[in-house]
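Visitor: The lines below spell out each chain.
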Amino acid sequence: MGAATSQAVVTATLVVGAIVLAALPARADAPTPADAPTGSDAVAPAPANAPTGSNADSPASADAPTGSNADAPVVAPTGSNANAPAAAPSDAPAAAPSVAPAAVPSGAPGDAKLDARADAQPRPHGDSCTGISTRGGRFAACFDPGNRLSITAAAADGRSTSAGAIDVGFGIRLRHEITFDDDPDLEWKMSHVLIDGAHDTGSSSFDAIVYSGLYLRHSRDGHIVIPFGVPKKVYLPFDVGALAEVGRFDWRAGSPTATVSVVRVAPLVDFARSQSERAVLAIGPAAHWDIAWDPEMRAVSEHRVAPFSEGLVDLRLESHDGLTIGDARVEAGTAWHSVTGWRPEFRAQASLERTVIAVDDRPVALTLGVQYDTVTGEAVASLGARIVLVTKTDPRVNLTPLASR
Amino acid sequence: MKSVYVAIGIAAFGISLPCFADDAQLPTMSAERPVLCLRDSADQVWRVQCDPSTRVCLYAPNEELDSGGNRVKPLERARTCELDAPFDRKRMEADGYTFVAGRVDAPYGWMRDERQRVFQVNFDLKRRMYFGVAYTPQKFLENPLASTRTSIDFGLLIFDVKSGTDEAPTMHRFRFFEGQVHMAPFSSEIVMAHYDLSHKFIDPLLRITTFVGEPARHDLGLDLGMWNEAGDLEIHPTPFGYSQLWRHATSQVTLDLWQSHDLDSFVRVRTGLGLEGQRDDVNGYRSAIAWSSAFEVDTVLDKNGFHNLQFEFVQEVPRYFTATETTPLLTERTFAHLQYETVLLAINDQPLTFKLAAGGEKRNDLPGVPNTWAFVMDAGLRFNLWAPPRRKPS
Numbered sequence: 002m003g004a005a006t007s008q009a010v011v012t013a014t015l016v017v018g019a020i021v022l023a024a025l026p027a028r029a030d031a032p033t034p035a036d037a038p039t040g041s042d043a044v045a046p047a048p049a050n051a052p053t054g055s056n057a058d059s060p061a062s063a064d065a066p067t068g069s070n071a072d073a074p075v076v077a078p079t080g081s082n083a084n085a086p087a088a089a090p091s092d093a094p095a096a097a098p099s100v101a102p103a104a105v106p107s108g109a110p111g112d113a114k115l116d117a118r119a120d121a122q123p124r125p126h127g128d129s130c131t132g133i134s135t136r137g138g139r140f141a142a143c144f145d146p147g148n149r150l151s152i153t154a155a156a157a158d159g160r161s162t163s164a165g166a167i168d169v170g171f172g173i174r175l176r177h178e179i180t181f182d183d184d185p186d187l188e189w190k191m192s193h194v195l196i197d198g199a200h201d202t203g204s205s206s207f208d209a210i211v212y213s214g215l216y217l218r219h220s221r222d223g224h225i226v227i228p229f230g231v232p233k234k235v236y237l238p239f240d241v242g243a244l245a246e247v248g249r250f251d252w253r254a255g256s257p258t259a260t261v262s263v264v265r266v267a268p269l270v271d272f273a274r275s276q277s278e279r280a281v282l283a284i285g286p287a288a289h290w291d292i293a294w295d296p297e298m299r300a301v302s303e304h305r306v307a308p309f310s311e312g313l314v315d316l317r318l319e320s321h322d323g324l325t326i327g328d329a330r331v332e333a334g335t336a337w338h339s340v341t342g343w344r345p346e347f348r349a350q351a352s353l354e355r356t357v358i359a360v361d362d363r364p365v366a367l368t369l370g371v372q373y374d375t376v377t378g379e380a381v382a383s384l385g386a387r388i389v390l391v392t393k394t395d396p397r398v399n400l401t402p403l404a405s406r
Numbered sequence: 033m034k035s036v037y038v039a040i041g042i043a044a045f046g047i048s049l050p051c052f053a054d055d056a057q058l059p060t061m062s063a064e065r066p067v068l069c070l071r072d073s074a075d076q077v078w079r080v081q082c083d084p085s086t087r088v089c090l091y092a093p094n095e096e097l098d099s100g101g102n103r104v105k106p107l108e109r110a111r112t113c114e115l116d117a118p119f120d121r122k123r124m125e126a127d128g129y130t131f132v133a134g135r136v137d138a139p140y141g142w143m144r145d146e147r148q149r150v151f152q153v154n155f156d157l158k159r160r161m162y163f164g165v166a167y168t169p170q171k172f173l174e175n176p177l178a179s180t181r182t183s184i185d186f187g188l189l190i191f192d193v194k195s196g197t198d199e200a201p202t203m204h205r206f207r208f209f210e211g212q213v214h215m216a217p218f219s220s221e222i223v224m225a226h227y228d229l230s231h232k233f234i235d236p237l238l239r240i241t242t243f244v245g246e247p248a249r250h251d252l253g254l255d256l257g258m259w260n261e262a263g264d265l266e267i268h269p270t271p272f273g274y275s276q277l278w279r280h281a282t283s284q285v286t287l288d289l290w291q292s293h294d295l296d297s298f299v300r301v302r303t304g305l306g307l308e309g310q311r312d313d314v315n316g317y318r319s320a321i322a323w324s325s326a327f328e329v330d331t332v333l334d335k336n337g338f339h340n341l342q343f344e345f346v347q348e349v350p351r352y353f354t355a356t357e358t359t360p361l362l363t364e365r366t367f368a369h370l371q372y373e374t375v376l377l378a379i380n381d382q383p384l385t386f387k388l389a390a391g392g393e394k395r396n397d398l399p400g401v402p403n404t405w406a407f408v409m410d411a412g413l414r415f416n417l418w419a420p421p422r423r424k425p426s
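Chains as they are written, first to last, in the numbering used here: chain L, 2 to 406; chain S, 33 to 426.
Just chain S, same shape as in the assembly (with noise of 0.2 Å):
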């Protein structure tokens, strides 16, 4: 398995060295000014956009370009351009407007080489489909020579629906069979199905005015939303067999501490409960009710998608209706995981991204596995498909 990785990592830093050989640059029209379709006296089409202000005019040609600089085939995603308007090339050059190549403009979120190609350069790891490989060094605190391991993680369908208004939206966010699974020793975690909702309130839930001194008014936003999970299944290795830990549902309430302007990016807290049942091979099956709470932080740090963060410290107190040798009827556990993933390159517009996680659970509802900190660690790829750009901020 090491020989798969070492070759993906010659293939990606291989790949990603002639980019840098070659930084020439035109300039961009601009996506807001009108831009004009005119034909040369050899018959071809050029786009001029000129700015009145620096009385400069850029144009490129309609088309793309080969890389011996021929015409070869129609832009993409290129705007209409305004046809049949006077053009007064003399005229303007009197006027002091000067004449420089540029680029086509592009929509939001895509650019333009200086062939006109258009290409992706804003990702929404938001909504996509992805699937990755990782390298999970693990390493129990009693055992810092444990086993090393490769895991894979998947999810097979993640998008969000934003609705409402610019100044009140609401953000649903689905998460359709999202997992991971650990090897040597094996261990697993799938979602069947996630859905959570943030809203941001322009009325504040409580507005208190205090009179000490010049009466002041202080608003309490409560940014309050759900959080739901079904499906959600665990197989973790004891000593004594597998453990399957089924969270047939879980709800909460949240609670946005902080909300991005567009609610791509979050800071809350939840609280809830849930059903589910744990079986091994020591107790059989067993149910419970589990309460949960949670702190978690969603974010993306840069405009363009590149680089996200994501942290989450949950706790759960799953109340068992029957007690076993091995497990009261209360038990605890408690999960920590930090995850930043960046896009690396893109296929056909399709993101490439690198994963770094970190992460520790304390548990005692494990027949046979110690009540202690135990730590992981996550590096790898994940291949994204669909990831469009994201949405223009309004």
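Looking at chain L on its own, in the form it has when it is part of the complex (with noise of 0.2 Å):
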């Protein structure tokens, strides 16, 4: 690695650090409309005495004591409650069912444990994220990066390539989530990038990946089951999941191989355990098989496997309106190489995306990123700008004429 390229690493690592570092928290303290949620992406905690379903809409129910045994039973239950595990509510035969209750209101469980959920969840806020101009006209003004197709322009230094050269870039983005109607607490967030590569034009070097998915589970009742005899439940504080990546290629001009990454894939823990997908902490063993391809030779000329010896991180942090992504993933461990054995490697990668205007209202960012391969011992900072052609609209904006409202 050269002295400018390392440089330039650096620099923009730094300006990586101080964009993210600037506007991450300017977030916090942006004013809040009044119909702005304000929880935002983070886990809504569970209330202590959140209302069940049948006493959900019960005012009464509402202060209720947990546990209590203030009120004795009007008559005990003959049961005997001796084999009780310690873990059952001591005053349980005590606050077992009186005779004739009380009315109860109406409603299904499910019901109210979807309401509880809603509450938790950021509340429609259209106003928000739609801005309107002096002539009363509407636009976006959050977006939803996760969903989008996207072309992307950048100048990159580090790689072996012609000076000025510009790389261009194409990529389609899918997420969301998959909910359970029966489980509320429970929510699988789904990101796909399906082909998204860049091209160097002033060479033939290129990079492109077919599909990288990220699979989280997000529950907030995270446990081990121990199946064996009477199957048992640990509590943990993470969320499981997953990474998978099939089909990735590397070429660089002036290199004798070219790298196709046939399948990378790593269970995860992710420790952010945002309900939504904006945030991601997640680390876990990482499995890859990478193949150099000799193009003279058209050939393999060296497979490269890590079974689980690697350890990956991934970060990503998305602010609430959409504006500002970064995300960073780090992998480093040993990987067994069919010429010349184990090896240590390291890949790192970091990224940050602003978006500074929206034509259309498709959103227009400009980018930043670093990485480092010990592989091809090279690293590559490139600054450019991205152009979004299709995208979903954020379901927060509400683009609808007012005239029509």
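These aren't lab readings, by the way, just hints derived from the structure by calculation. Just so you know, even glycine gets a beta-carbon here, dropped at the ideal spot from N, CA and C. Be careful, since some hints might not be right.
[Said to hold, decoys possible] What follows is a list of derived Cβ distance ranges for each label pair:
#1 A390/S x D295/L: 31 to 37 Å
#2 Y372/S x T394/L: 47 to 53 Å
#3 A281/S x P257/L: 32 to 38 Å
#4 D328/L x G400/S: 44 to 50 Å
#5 L175/L x K194/S: 24 to 30 Å
Reassemble the complex: the two chains are provided individually, in unrelated frames, and hints are given to aid placement.
Guide: Put into structure tokens, the structure is as follows:
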């Protein structure tokens, strides 16, 4: 890595860090519109006295003490509680249902849970994400960067390319959630990247990936189940998930081989535990199979396999309005090379994206990225612009003309 | 690498030890009978279910409890309970009913602990994404001291879809990007896309009536199906470099010799044709039409999906369009593979499984590789995502 390249990488890293530090706290300090959600995308804590299904709508139950012995039962149950485990409520028999209970409000438990969840999530607040021009026209002020088709043009430093070359890129991102009616505390957060790549216009260099997916299972109740004997549940403070990548290609002009990453997988634990996909801090062991392909010989020159012998850290942060996105990934460990045996490997990449303007409600963003890979021994820094051609309108945005509202 | 596996083993067994400490079990409410939600004098809501046959009423809090017995959150995966129902406890006790603390019922494939927390205890490993690592000692018969090696395996999307009626179901099985990679020496196999179909036929294909003695009818059922794979890649080391075998597409007809009622398990034979090509550093690339047949067993041994057994015996006869100095026009490959997989534990309801496998192969299509049986064993762990509960028996 040349001195100029190193300097560029260090500079870019500092700039990325500075922008992240400047941009993310600004979100917290920003004035919140009256109808904006205060919880943002943080996981809503479970209300200690959350009403359950049957009494969710009951005002009397809202402040009901939990596990209270204050009111003795009218008639104690005759069933013995001698075998009740320690975790069972000590007042369970005492608080057993009394004769002719008071009128219970109608409503299903499932409904109540859904209601509670709705309160925990950001409420619709179209006005905070919808701007109004002086002429009364509406425009989007929030964007969904997880669902888009975009093109990118960036100047990169560090590649063995001709000076002044521009990387032209293309990518499709999709994300969605899978929820369950019978378990509103459970949610699968699915992020997909399809056909994402960049080509150096000054040479034949290119890198691309066919598919990359990040699947995170968010549950308010993390646990391990030990199925032996009587199944047992042990609490865990994280979500679980996985990263899967298929078909990554990397060809650098002047390099004797191209790298084909056939598959890369990693089971992950996510400590961010965010209900939305705007915050991810995932860690896990990574496995991959890469091929070094010699285009002149038209043959494989080396296989590189990491059997979960590398660690992976994936960090993603996205501002509430979707204007600022930062992500970083670090992989480190050892991999087996079919020619040279076990060798240490280290890869790191970080990127920052900031939307500065929007054309017809399609964002145009400045991008900054750095990456380093010990296998290629090259560090790359890039600075460019990303134009979103197709995007899904953020559900918080209301673009209906005022006249027809 | 050994330290990694030792650590995994210590962690797994270390975690599992406390599970045997507390076997106290409260009775569970029936998912088939109605349940009442009643409020006590302290304004707490309880679920109550009475069984007239045993004159026992189970009661449980309508919320999850913390370790101190305090109600902390709504029940997960709880069904709607009947409200506003008349309930005269004194009269019921006078009638001989007893009230016993219990657990709220959970959906099929789930259960609750004494704190009413729900967790999955039934796993469908035929619907999942998985990846794992295995320790793979290998020995060739002619070289018992051959190297040991490690492998990874993965299946990015495995699922099946059941259609049709209960009497005549059809099972569509899909697998995408499934394979394994062995190290030291390197070899790999990946299948991009797999689809097979099983159908249970109500009407027999042939019915034979015999008139010797009392006339009798004998049905000959032929549960035919299909089996297809596309984009299969095998890479093997040879004395002359790596050999890459591309099975571009293979299509076979299947005959199920035995099917379970839900079509989750089967024993079958299959046969068909495929188009393939092999490339090695000696002969370059050459194409072939391959006739292949297999005997296959895939069965789930228990109703909760914890124990899964697979066996496959495959014979392939590729007929190459051009002969080479190292391989003839007609070659032969024989594979056998046996695998047992069981659920060890579940992390956030995502199962961690243990796989034990053994296999062998004998082939004469690889240049420089002796045409003799080679055996391999696998023992490893797989992390699985999704794996919902198995379909409830109808």
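Visitor: Work down the list of hints and note, for each, if the structure agrees.
Guide: Evaluated hints:
Taking the beta carbon of each, A390/S and D295/L are about 36 Å apart, inside 31 to 37 Å as hinted. The hinted window of 47 to 53 Å between Y372/S and T394/L holds, with their beta carbons roughly 51 Å apart. For the hinted restraint 32 to 38 Å between A281/S and P257/L, the CB-CB distance of approximately 33 Å keeps it satisfied. Taking the beta carbon of each, D328/L and G400/S are about 47 Å apart, inside 44 to 50 Å as hinted.
Under the hint 24 to 30 Å, the C-beta atoms of L175/L and K194/S, about 27 Å apart, fit the expected range.
Comparing the model with each numbered hint stated earlier shows that all of them hold.
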